[in-house]
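Asks: Sequence:
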Amino acid sequence: MAEAKSTINPDEVAKFEAMAAEWWDPQGKFKPLHQMNPCRLDYITRQIAAQFDRDLTTPAPFKGLRILDIGCGGGLLSEPMARLGADVTGADAAAGNIPVAQLHADQSGLEITYLHTAAEDLAAQGAQFDVVLAMEIVEHVADPQDFVKTCAELLTEGGLMCMSTLNRNPKSYLFAIIGAEHVLRWLPRGTHEWSKFITPTELEGHIRSADLTPLDRKGMVLNPLSWQWSLSERDLSVNYVTASIKPKSTVVAP
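Taken in order, the sequence shown gives residues 97 to 350; the numbers are from our numbering.
Take these hints with a grain of salt, some might be off.
What the hints assert, rightly or not - Under the rule of at most 30 Å between Cα atoms (straight-line distance), these lysine-lysine pairs were calculated in the BS3-like manner: (1) K344 <-> K125; (2) K292 <-> K267; (3) K292 <-> K127; (4) K127 <-> K344; (5) K127 <-> K267; (6) K344 <-> K159.
What the hints assert, rightly or not - What follows is a list of derived Cβ distance ranges for each label pair: (7) Q131 <-> G222: 34 to 44 Å; (8) S291 <-> E207: 34 to 44 Å; (9) T252 <-> L152: 13 to 23 Å.
Don't read these hints as lab results, they were simulated from the structure. Here a beta-carbon is modelled for each residue, glycine too, at the ideal position from N, C-alpha and C.
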């Protein structure tokens, strides 16, 4: 069997490795993710609940679900998923992120499996999950199409993938590059490369090419007055998030 092609971009991994210790500092280099997290979680939890018929008002509504958080970083998404009862695996190509995430989970009394590994390695091992989260990562990989296909391989039939990224247009350059990195200095310069941003049409093409069925997509919009993020049905101009499923096989009776 041919060795799986790696979608890891070493330069991108090195950027986040250098910031690993700051993952849980809400005023640090990951401040934008801390601010965005409630919005991301609102979308993810609603999509999971709808797909698997779970009641979010009950204790541990995601009990029994296997969730993979690819590019988990310090565990900002993995921990809430674990608190909701899911069996969570967090994977990251940056080795420095794993001990940070594991220590914080231990201190929080959460059982989460953190792995320094790539999505391709998990797929090669035959790992399967009910939900794959790939949030703010596809714009950092070497080959977005191959990465999406790998995510699809990691899903069980009927499984759900939530993937978010940044649109590529003049507005996203102004907000995500000039604004976030140069003016507000929320992120170190060079954290993002505008040319690697992906339009919603391009991402949908990657999703369909991976034999996944798109379910939904929404924008994530920052209110500059309240500094709060919200979901938008129409504004996908900068940050946006998608949901798609892996269709169940149709068995034809003999």
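Asks: Go through the numbered hints given earlier and state which of them the structure violates, listing their numbers in rising order.
Replies: 1, 4
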